[in-house]
Amino acid sequence: MELSVVWFVLVAVLFTGFFFLEGFDYGVGVLLPLLGRTDDERRLIIGSIGPVWDGNEVWMITAGGAMFAAFPHVYATLFSGFYLALFLMLVALIVRGVGLDFRSKQSGPAWRSTWDWLIFAGSLVPALLWGVAVTNLLKGVPIDAKMNYVGTFFDLLSPYTLIGGVAFLLVFIYHGAAYLVLKLEDPLAGRARRTALTVGVFAAIAFLALVGMTYIYTDLFASVGAGVSLWAAVGAFVVSYLAMRAHRTGWAFVGSGLAIVFTTAAFFWGLFPRLMVSSLNSAWSLTVTNASSSPLTLKLMTVAAGLLVPVVLAYQAWSYWIFRKRVTLRDLEY
Amino acid sequence: MDELLLARWQFGITSTYHFLFVPLTLGLSLLVAAMETVYVRTGNELYKKMAQFWGKLFLINFALGVVTGLVQEFEFGMNWSEYSRFMGDIFGAPLALEALTAFYLESTFIGIWIFGWKRLSKGMHAAAIWIVALSSNLSAFWILAANSFMQAPVGYVLRNGRAEMNDFSALLANPYLWNQFPHTVLGGLVTGGVFVMAISAYHLLRRSQVEFFRPSLKIGLICALTASLLVVVTGHRQAQYLAEAQPMKLAAIEALWETADPAPFTFFTAIDSGKQENRGGVSLPGGLSLLVHSSPTGEVKGIKDLQQESEKRFGPGSYAPDIPSVFWSFRIMVAAGCWLLAVAGLCAYYLRRGTLEDKPLALKAVVVTLAVPYIANSTGWYVAEAGRQPWIVVGLQRVEQAVSPTVSAASIGITLVGFTLVYGVLAVVGIYLLGKFAKQGPVAPFAAKPAEGKGVALWN
Numbered sequence: 001m002e003l004s005v006v007w008f009v010l011v012a013v014l015f016t017g018f019f020f021l022e023g024f025d026y027g028v029g030v031l032l033p034l035l036g037r038t039d040d041e042r043r044l045i046i047g048s049i050g051p052v053w054d055g056n057e058v059w060m061i062t063a064g065g066a067m068f069a070a071f072p073h074v075y076a077t078l079f080s081g082f083y084l085a086l087f088l089m090l091v092a093l094i095v096r097g098v099g100l101d102f103r104s105k106q107s108g109p110a111w112r113s114t115w116d117w118l119i120f121a122g123s124l125v126p127a128l129l130w131g132v133a134v135t136n137l138l139k140g141v142p143i144d145a146k147m148n149y150v151g152t153f154f155d156l157l158s159p160y161t162l163i164g165g166v167a168f169l170l171v172f173i174y175h176g177a178a179y180l181v182l183k184l185e186d187p188l189a190g191r192a193r194r195t196a197l198t199v200g201v202f203a204a205i206a207f208l209a210l211v212g213m214t215y216i217y218t219d220l221f222a223s224v225g226a227g228v229s230l231w232a233a234v235g236a237f238v239v240s241y242l243a244m245r246a247h248r249t250g251w252a253f254v255g256s257g258l259a260i261v262f263t264t265a266a267f268f269w270g271l272f273p274r275l276m277v278s279s280l281n282s283a284w285s286l287t288v289t290n291a292s293s294s295p296l297t298l299k300l301m302t303v304a305a306g307l308l309v310p311v312v313l314a315y316q317a318w319s320y321w322i323f324r325k326r327v328t329l330r331d332l333e334y
Numbered sequence: 335m336d337e338l339l340l341a342r343w344q345f346g347i348t349s350t351y352h353f354l355f356v357p358l359t360l361g362l363s364l365l366v367a368a369m370e371t372v373y374v375r376t377g378n379e380l381y382k383k384m385a386q387f388w389g390k391l392f393l394i395n396f397a398l399g400v401v402t403g404l405v406q407e408f409e410f411g412m413n414w415s416e417y418s419r420f421m422g423d424i425f426g427a428p429l430a431l432e433a434l435t436a437f438y439l440e441s442t443f444i445g446i447w448i449f450g451w452k453r454l455s456k457g458m459h460a461a462a463i464w465i466v467a468l469s470s471n472l473s474a475f476w477i478l479a480a481n482s483f484m485q486a487p488v489g490y491v492l493r494n495g496r497a498e499m500n501d502f503s504a505l506l507a508n509p510y511l512w513n514q515f516p517h518t519v520l521g522g523l524v525t526g527g528v529f530v531m532a533i534s535a536y537h538l539l540r541r542s543q544v545e546f547f548r549p550s551l552k553i554g555l556i557c558a559l560t561a562s563l564l565v566v567v568t569g570h571r572q573a574q575y576l577a578e579a580q581p582m583k584l585a586a587i588e589a590l591w592e593t594a595d596p597a598p599f600t601f602f603t604a605i606d607s608g609k610q611e612n613r614g615g616v617s618l619p620g621g622l623s624l625l626v627h628s629s630p631t632g633e634v635k636g637i638k639d640l641q642q643e644s645e646k647r648f649g650p651g652s653y654a655p656d657i658p659s660v661f662w663s664f665r666i667m668v669a670a671g672c673w674l675l676a677v678a679g680l681c682a683y684y685l686r687r688g689t690l691e692d693k694p695l696a697l698k699a700v701v702v703t704l705a706v707p708y709i710a711n712s713t714g715w716y717v718a719e720a721g722r723q724p725w726i727v728v729g730l731q732r733v734e735q736a737v738s739p740t741v742s743a744a745s746i747g748i749t750l751v752g753f754t755l756v757y758g759v760l761a762v763v764g765i766y767l768l769g770k771f772a773k774q775g776p777v778a779p780f781a782a783k784p785a786e787g788k789g790v791a792l793w794n
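These protein sequence lines are chains A and B, in that order. For the first sequence, my numbering begins at 1 and goes up steadily by one. For the second sequence, my numbering begins at 335 and goes up steadily by one.
Keep in mind that the hints were calculated from the coordinates and are not lab data. Treat the hints with caution; some may be incorrect.
[What the hints assert, rightly or not] No more than 27 Å apart at the CA atoms, straight line, and that leaves these computed lysine-lysine pairs for BS3-like:
no.: 1; chain 1: B; residue 1: Lys382; chain 2: B; residue 2: Lys638
no.: 2; chain 1: B; residue 1: Lys635; chain 2: B; residue 2: Lys609
no.: 3; chain 1: B; residue 1: Lys452; chain 2: A; residue 2: Lys325
no.: 4; chain 1: A; residue 1: Lys325; chain 2: B; residue 2: Lys382
no.: 5; chain 1: B; residue 1: Lys698; chain 2: B; residue 2: Lys770
no.: 6; chain 1: A; residue 1: Lys325; chain 2: B; residue 2: Lys456
no.: 7; chain 1: B; residue 1: Lys638; chain 2: B; residue 2: Lys609
no.: 8; chain 1: B; residue 1: Lys609; chain 2: B; residue 2: Lys646
no.: 9; chain 1: B; residue 1: Lys773; chain 2: B; residue 2: Lys383
Between the sequences and the hints, there should be enough to build the whole structure, so can you do that?
Laid out in structure tokens, this is it:
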């Protein structure tokens, strides 16, 4: 296998890990002011992701760094092209990260509720924007012969990509609710479960709309594997929802996680061998061939990733193991 | 060209702001790790309290460093897409390696450290903060490896219309990196040491929690004094290295228009960039030669000759940075360094005589000195980055060739204003929180409000 193909897969894996982990993180952030009625409840909700959200966010940073190293043209085209969207995302992530750290460092309801709503917005906006971004990659955006994005911010918004954003957001919220059911005690856990059951219905509708519009607006289903993967995502989500109804919370979380994993896999599968589709001329799409780094850089990076990714997975898994118990007021640091 | 100007301002503002938090993260993490290690070794609760108190301040700073670092990573793609295309093959690798080797570790173990006081053994918990401290410094190494390529490109070949890597080990062995990295890490230790000293001095002046802040000040002092001495040594080596690697930067630092032998060291002067001359001022004859060649004679190349050489190689154009700002930034940095050495030396003297706490003036000087490492770090960074202008990668790509061609001035303007506003608010909030906890000292419970009935005092 060509190393550029290996890196296509690795970038896909990094995004999959990112959406799986930060997906529930974002969901928890959106649910924070909605589920948590008292200050202690909100502290518990934040405490559920407290030890891990920073590590989760690095999946995105690594995906960005990997794109820079392995596909510099994609890095350049994507971030200069989706300029204002990325700016919104960065501002959201800034206030979110600072909010998670700062909100409990000062008492006073105004201080805390301000940060709570900033965490809410800072989680909602990226979740939405990633859905918009991923669907845009597949649907195609105006990229010229020099690999430059020649559209505007509003060209990124279409019925299809907006459904993509909403579907991502709702699935992440559901995923976050499932996580909270696992991590909290009653009555919060019960409330999170009821929320999951409600949000789950809307998430399923949005998800099916996404699948249908993907069929209409993109060529994803031209690849059998991608199509199967996307249907598998729908299946995983349904199983998750049924498990949630049956109080099989662990399975519900695994199911929502698999739905995210299969969706991400389907999109990258549908993209391959392209990374960004040009809507102007298919020859101008960015592919593993025309957008990749030199063989030497790819080789070096492959060795590094081969050695380091398993280590990263091991200690991140370990950190989840340390904090595996349900969160109680006793363990709060934020 | 508006886009270029705005993109440059944006990069200047966001990276200078980011670099306000980085040095303290580098230095203070090591100090906290050392404090916690003493606690694990001796079982003395005082050092646990120290690790927790200084750790708390560290975390507030760390959070701001992390979120502003996010912007840095994506800004290359957003505003400098032509740079990313031209250099990605080389520049992307250290960034990706930073994420894989350092950033994952740092952010996973910071979570473990914050929340793990009761869940881990003492030794494991101390190991967590060591991992955070070392990976933060490793992060700095990768960033400087990338930056060093921009300053002194090595291990590349021009192919397929871009710079491609042909020797990764050359990238890691880049002499610029090995001059810059120790200087930066030591600058971080100075910042961390002075930070601990200044807050301790504040409390000693008020005779509050003396049993805690007396030993804290001592630890900060040892760190700051040792590191500021070494920062001078590494800085001196760097200047000597610049003479061969980036003579234009050195000439700009000294506002040396004409090649000279022996070359004088100018303390201050009035620079007229238009006429390319200096008027008046005070200088030490042969001083620059002494610095560069370790002998009172020896040639140092001037700006005019270097400009001509560059024109011969690269064609017409200006190849000199903005001389006055580089000249004065360097002097501010050096003056800040001297101030730091003087204050640290004075404190060490009084401390040995056991009279430091009776010298309110000295303690007040220490409090004021809190600002000084920040000034030194920012001006030092300015000299390094502005000194390579007009190049983004010296000799390979000029800044105006690097900017994103399709991003409008309006877009950059919006994000410039947006980031500046957000950063401004964060600065106020961050300084407020740091001030609040610094003044409070370690006795107050860290949770603003303990949960009712459960007696949850955080950090116990």
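Proposed proximity, Lys646 (chain B) with Lys609 (chain B) (alpha carbon, max 27 Å):
Between Lys609 (chain B) and Lys646 (chain B) the Cα gap is close to 22 Å, so the pair holds against 27 Å.
Has the given pair, Lys452 (chain B) with Lys325 (chain A), been kept, meaning a C-alpha gap of at most 27 Å? holds (13 Å)
- Query: Hey, Lys773 (chain B) versus Lys383 (chain B), does the alpha-carbon distance stay inside 27 Å?
  - Reply: Roughly 15 Å separates the two Cα atoms, so the pair holds.
Agreement of Lys382 (chain B) and Lys638 (chain B) with the hint, judged by alpha carbon distance not exceeding 27 Å: Distance of about 58 Å is beyond 27 Å: violated.
Between Lys325 (chain A) and Lys456 (chain B), is the straight-line Cα distance small enough, at 27 Å or below? holds (20 Å)
Pair hint outcome, Lys638 (chain B) versus Lys609 (chain B) [Cα-Cα no greater than 27 Å]:
holds (11 Å)
Holds or violated: Lys635 (chain B) to Lys609 (chain B), with C-alpha atoms at most 27 Å apart: Within the cut-off at roughly 18 Å; holds.
Discussion item. Next pair to validate is Lys698 (chain B) with Lys770 (chain B); report whether the Cα-Cα distance is within 27 Å.
Written reply: The given pair, whose Cα atoms are some 19 Å apart, holds under the 27 Å limit.
Straight-line Cα separation of Lys325 (chain A) and Lys382 (chain B) no greater than 27 Å?
holds (25 Å)
Comparing the model with each earlier hint shows a violation of hint 1 alone; every other hint is respected.
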